[in-house]
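> One-letter residues, chain by chain:
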Amino acid sequence: MSLDEIKIGGMGASRRRVEDNRFIRGRGNYVDDVVLPGMLHMEILRSPVAHARIRSIDVSKAWEIPGVRLVLTGDMMATRNLAWMPTLSYDTQAVLATDKVRFQGQEVAAVIADDPYIAKDACEAIVVDYETLPVIVNPDQAMASGATLIRDDKENQPDNKVFDWEVGDRPATDKAFEEADVVSEIELHYPRSHPSPLEPCGSIADFDRSTGKLTVYMTTQAPHIIRAAVALVAELPEHMIRIISPDLGGGFGNKVPVYPGYVISILASILTERPVKWIEDKTGNLISTGFGRDVYLKGQMAVRKDGKILGVRMHTISDHGAFFSDAQPSKFKIGLMHSAFACYDIPAAHLTAEGYYTNKAPGGVAYRCSFRVTEAMFFQERMIQAAADDLGMDQAEFRRINLVRDDDFPHRTPFGFLTDSGQYGKCLDVALEAIGYEQFLKDQEEARKNGRYLGIGISTMTEPLGAGNSREYDILGIKMFDSAELRVHMTGKAILRTGAKTQGQGHETTWAQIVAHELGIPADDVVVEEGDTDTAPFGMGTYASRSTPVAGAAVAMVARKIRAKSRKIAAHLLEVSEEDIEWELGRFYVRSSPDRGVTIQECAMAAYSNMPDGMEPGLENTAYYDPPNLTWPFAAYVATVEVDPETGVWDVLRMVAVDDCGVRINPMIVEGQIMGGLTEAYAMASMQFITFDAEGNCVGSNYMDYLLPTAWETPGFELHEVVTPCPHHPIGAKGIGECATVGGPAAFVNAVMNAVEHLGVRNIDMPLLPDRVHEAIATRSDISGAPPVRTDAP
Amino acid sequence: MTSLFEEITETSVDIPVRRVTITVNGEKRSANVEPRLLLAHLLRQGFKLTGTHTGCDTTNCGACTVLVDGRPAKSCTMLAVQADGRDVMTVEGLATASELHPIQEGFKEEHGLQCGYCTPGMMLAAKALLDENPDPTEDEVRWALSGNLCRCTGYQNIVKSVLWAAEKMRNSAG
Numbered sequence: 001m002s003l004d005e006i007k008i009g010g011m012g013a014s015r016r017r018v019e020d021n022r023f024i025r026g027r028g029n030y031v032d033d034v035v036l037p038g039m040l041h042m043e044i045l046r047s048p049v050a051h052a053r054i055r056s057i058d059v060s061k062a063w064e065i066p067g068v069r070l071v072l073t074g075d076m077m078a079t080r081n082l083a084w085m086p087t088l089s090y091d092t093q094a095v096l097a098t099d100k101v102r103f104q105g106q107e108v109a110a111v112i113a114d115d116p117y118i119a120k121d122a123c124e125a126i127v128v129d130y131e132t133l134p135v136i137v138n139p140d141q142a143m144a145s146g147a148t149l150i151r152d153d154k155e156n157q158p159d160n161k162v163f164d165w166e167v168g169d170r171p172a173t174d175k176a177f178e179e180a181d182v183v184s185e186i187e188l189h190y191p192r193s194h195p196s197p198l199e200p201c202g203s204i205a206d207f208d209r210s211t212g213k214l215t216v217y218m219t220t221q222a223p224h225i226i227r228a229a230v231a232l233v234a235e236l237p238e239h240m241i242r243i244i245s246p247d248l249g250g251g252f253g254n255k256v257p258v259y260p261g262y263v264i265s266i267l268a269s270i271l272t273e274r275p276v277k278w279i280e281d282k283t284g285n286l287i288s289t290g291f292g293r294d295v296y297l298k299g300q301m302a303v304r305k306d307g308k309i310l311g312v313r314m315h316t317i318s319d320h321g322a323f324f325s326d327a328q329p330s331k332f333k334i335g336l337m338h339s340a341f342a343c344y345d346i347p348a349a350h351l352t353a354e355g356y357y358t359n360k361a362p363g364g365v366a367y368r369c370s371f372r373v374t375e376a377m378f379f380q381e382r383m384i385q386a387a388a389d390d391l392g393m394d395q396a397e398f399r400r401i402n403l404v405r406d407d408d409f410p411h412r413t414p415f416g417f418l419t420d421s422g423q424y425g426k427c428l429d430v431a432l433e434a435i436g437y438e439q440f441l442k443d444q445e446e447a448r449k450n451g452r453y454l455g456i457g458i459s460t461m462t463e464p465l466g467a468g469n470s471r472e473y474d475i476l477g478i479k480m481f482d483s484a485e486l487r488v489h490m491t492g493k494a495i496l497r498t499g500a501k502t503q504g505q506g507h508e509t510t511w512a513q514i515v516a517h518e519l520g521i522p523a524d525d526v527v528v529e530e531g532d533t534d535t536a537p538f539g540m541g542t543y544a545s546r547s548t549p550v551a552g553a554a555v556a557m558v559a560r561k562i563r564a565k566s567r568k569i570a571a572h573l574l575e576v577s578e579e580d581i582e583w584e585l586g587r588f589y590v591r592s593s594p595d596r597g598v599t600i601q602e603c604a605m606a607a608y609s610n611m612p613d614g615m616e617p618g619l620e621n622t623a624y625y626d627p628p629n630l631t632w633p634f635a636a637y638v639a640t641v642e643v644d645p646e647t648g649v650w651d652v653l654r655m656v657a658v659d660d661c662g663v664r665i666n667p668m669i670v671e672g673q674i675m676g677g678l679t680e681a682y683a684m685a686s687m688q689f690i691t692f693d694a695e696g697n698c699v700g701s702n703y704m705d706y707l708l709p710t711a712w713e714t715p716g717f718e719l720h721e722v723v724t725p726c727p728h729h730p731i732g733a734k735g736i737g738e739c740a741t742v743g744g745p746a747a748f749v750n751a752v753m754n755a756v757e758h759l760g761v762r763n764i765d766m767p768l769l770p771d772r773v774h775e776a777i778a779t780r781s782d783i784s785g786a787p788p789v790r791t792d793a794p
Numbered sequence: 795m796t797s798l799f800e801e802i803t804e805t806s807v808d809i810p811v812r813r814v815t816i817t818v819n820g821e822k823r824s825a826n827v828e829p830r831l832l833l834a835h836l837l838r839q840g841f842k843l844t845g846t847h848t849g850c851d852t853t854n855c856g857a858c859t860v861l862v863d864g865r866p867a868k869s870c871t872m873l874a875v876q877a878d879g880r881d882v883m884t885v886e887g888l889a890t891a892s893e894l895h896p897i898q899e900g901f902k903e904e905h906g907l908q909c910g911y912c913t914p915g916m917m918l919a920a921k922a923l924l925d926e927n928p929d930p931t932e933d934e935v936r937w938a939l940s941g942n943l944c945r946c947t948g949y950q951n952i953v954k955s956v957l958w959a960a961e962k963m964r965n966s967a968g
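Taken in order, these protein sequences are the chains called H and R. Under my numbering, residues 1 to 794 are what the first sequence spells out, in order. Under my numbering, residues 795 to 968 are what the second sequence spells out, in order.
For reference, chain H alone in the conformation it holds in the complex (with noise of 0.2 Å):
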């Protein structure tokens, strides 16, 4: 009598996506789609130089355009008390700029105008008066002595650095240290990148004086987090300020921070009373908004001779550019960085952290990552490969000898988090099987004797997903739980809404998947709502892969208080007490009699219409919902290519990747994400970064000089899974939409390292472009990426 679940689109159905039904006719509804009656058009005027005073800013020729409503200023914003802002990270961050430019592309003047066109036009009007500065385009120069101090606006800020931080056991550590057999060191660089989701940021704000109310159509991620940062900072009435975050055109963290365009935007729909559209272009996204990584790693392994690790030490400098805006909600500075060797049983490890100004764009963010977990998950497998080629043993046999046992769990990590399930052994040999791995050893030692270069990459992790909890997670207090409000009609069908935001991972489809599996209510009948504040429950969006881990959970959470409703009104519909009535999916149905039952659109219809005496009527709910640990989801990846030692190009042979990551809702969107991160993960090895000149001129300013991988570059991705469910989620579910960005990168590093180290080279950093692969086979050396970058590059 039960339903099938696969049939109704429960649990474990590959579900087609509903969300595709308006995307592939062209009727998505992304920012840049919304007009509004009366809109005008804002255009920002940036910086062209990285740093220097402002000596004037003359806007009289702007204000001459025919169809110009409003130029505004950092002085004029300032007259507000806006000219600054609060960042999500405890800084504060120019909206337009008042004393001096920090970074290139900084935001110096606004123009409102008819159209967009002439918004531009007047822009180009504006004339700056700069007085150049020196300029500090990478930690070693912030903190140089007699360095220029970038933030001269800061009280005690005598220097450019923005935090020190540790974290471990350094007396532990040490002695590791001194027991060790071989102590092994690796130093690198993670270049700085940017998440560029295709679709640049935006605003639409539409202040309403006749009834106070700002409603505002924005690229965020996390909408509730903006409305309480308006609330908070702006000081607007909290029930007066509506965010609406409709279609997204992707984010990968680049969508969390609030950008100093959404504040003038609102700004000026306040002082001209109409609608203002910001669109930004392609270039003042990738110059201006939150880049990723940036990250200096270094440290050391202490191993004995039979392949135990004993301890670990790591240094990591990070570059923060102008200001600390990385928005991340961990209340460590260096976020989840020490979340490092987190699968592997180590006694001791200890970590120092320290983090600098430069004259860059701000950010830092976690670009579909938790908090800096891909710059720790890299430098974890490139130390690992390290060591195995010190000690002369076999990567994959170090490896094993050192992830945490299937038995161990809950696992203390090195640093201190508490892991709580998995089978790492068994995905590593899952991997290493699927890609023929003994045999590829032997193939490689073959074609090296014929002059060709082949390695093999091998990235094993597990990684922190779904912040928080709210006892280490917060982003200005606010903690990190989520919601889910499920309201079942008369008819048995439903709308959910949840504090998440879908950016292309598919919630439209998977929550009402989720009410499947609870209620038995199929789930085309439910429509998943998210993004708009005056209907969604507050929640904290989607970034750090927590929409599944925690969001995901209180709708579970949610649909199990519906059906403990319909429990009540079954017993009163079937005229027996409640304890005798049993649940199989859809339908409850008398213990002593099962072929009497009431199936849950039954019960709906009676919560409207024939509810016990006394039962409140109707059939709605809300959870909230705080998860009692992060997720730990484990993947193995495993990478083949060749080199070419006379180009220094590397051709990926083959890239298998085994994810652990629970129990699967919909295992097709479940694979889309692993592959979209896979491609992530090779774009970052291979060619995508974003550098600067020794003047602080943004090299990658646009898709011609900032590359990003085509169907035609990407190779071709085998997917295998393992299952370990996790024990504190309701449905036994861990996140996974970033975890083969997170370990894919290292995968690849290590099999072009791997086909070279017979060569004395240990590290390229990347990305691994062909002319850094040649050089350090021509040179037999090392390459660091470190900026600026050289000019004279052939």
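FYI, nobody ran anything at the bench for these hints, they're computed from the structure. C-beta: ideal position from N, C-alpha, C; glycine also. There's no promise every hint is true.
Unchecked claim - In the BS3-like style, the derived pairs of lysine-lysine whose C-alpha atoms are separated by at most 27 Å in a straight line are:
1) Lys954(R) to Lys7(H)
2) Lys954(R) to Lys902(R)
3) Lys493(H) to Lys902(R)
4) Lys305(H) to Lys426(H)
5) Lys442(H) to Lys426(H)
6) Lys962(R) to Lys7(H)
7) Lys493(H) to Lys565(H)
8) Lys902(R) to Lys842(R)
9) Lys479(H) to Lys561(H)
10) Lys298(H) to Lys308(H)
11) Lys305(H) to Lys175(H)
12) Lys561(H) to Lys7(H)
13) Lys902(R) to Lys7(H)
14) Lys120(H) to Lys61(H)
15) Lys842(R) to Lys120(H)
Unchecked claim - Simulated restraints, written as ranges between beta carbons of each label pair:
16) Thr890(R) to Asp595(H): 43 to 49 Å
17) Glu757(H) to Ala967(R): 52 to 58 Å
18) Val527(H) to Ser892(R): 19 to 25 Å
19) Ala891(R) to Asp595(H): 43 to 49 Å
20) Asp75(H) to Thr890(R): 53 to 59 Å
21) Pro725(H) to Thr890(R): 41 to 47 Å
Add chain R to chain H, keeping to what the hints say.
This is chain R only, laid out in the frame that chain H set:
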């Protein structure tokens, strides 16, 4: 653009406009445009066909791809006046009232899209390919789509979507 009236504003007085007539998705449409107006903006703001997206403004990402006389063109770097007298197809022209185009079906069936932003351009680039080559290899699909960027899917499913559509179109043709 058809409207009962066109407001004469201070702005509009001195700017020269040119009349263009373009067949958009089979329908002849005319508009007075500034010579510098981009085709993407005429389609989006003028003709309200917002399925054509602009991503990079530099002809690199392909989100704005439309078919001009059957060939893929990046409408963010093509002037509206260059399309005068020509035939333009946008994503809105793919499906009929009752039926999706096989390429649209393929993208849904093979999970060839996530955020949907690149999808219209991808589908039109794919259409141009399949119109010329009904039985492409995987490499031919990858090459034909190499002017279009996707940040979400990793392309593998996009390629499968196009191959799915090719097979369906061959089957229904033959």
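> Hinted pair, alpha-carbon criterion (27 Å max): Lys902(R), Lys842(R). Please report holds or violated.
24 Å, holds
> Given the proposed pairing of Lys493(H) with Lys902(R), does the C-alpha separation stay at or below 27 Å?
24 Å, holds
> Holds or violated: Lys120(H) with Lys61(H), Cα cutoff 27 Å?
Distance ~13 Å between Lys120(H) and Lys61(H) Cα, so the pair holds.
> Taking 27 Å as the top limit, are the C-alpha atoms of Lys305(H) and Lys426(H) close enough?
Since the Cα atoms of Lys305(H) and Lys426(H) sit roughly 25 Å apart, the hinted pair holds (cutoff 27 Å).
> CA of Lys305(H) to CA of Lys175(H), is that 27 Å or under?
16 Å, holds
> Could you grab the alpha-carbon distance between Lys298(H) and Lys308(H) and see if it respects the 27 Å cut-off?
Satisfied, since the Cα-Cα distance of roughly 21 Å is no more than 27 Å.
> Taking the beta carbons of Val527(H) and Ser892(R), is their distance inside 19 to 25 Å?
24 Å, holds
> Tell me if the beta carbons of Asp75(H) and Thr890(R) are separated by a distance inside 53 to 59 Å.
57 Å, holds
> Given the hint that Lys962(R) pairs with Lys7(H), test it: the Cα-Cα distance must not exceed 27 Å.
Cα-Cα ~25 Å, so holds.
> Just to be careful, I want the Cα atoms of Lys902(R) and Lys7(H) compared with a cutoff of 27 Å; is the pair within it?
With a Cα-Cα distance of about 18 Å, the restraint between Lys902(R) and Lys7(H) holds, given a limit of 27 Å.
> Given the hint that Lys954(R) pairs with Lys7(H), test it: the Cα-Cα distance must not exceed 27 Å.
24 Å, holds
> For the pair supplied as a hint, Lys442(H) and Lys426(H), confirm whether the alpha-carbon distance does not exceed 27 Å.
Given that 27 Å is the threshold and the Cα spacing comes to 23 Å, the pair holds.
In the structure shown, no violation is registered for any of the earlier numbered hints.
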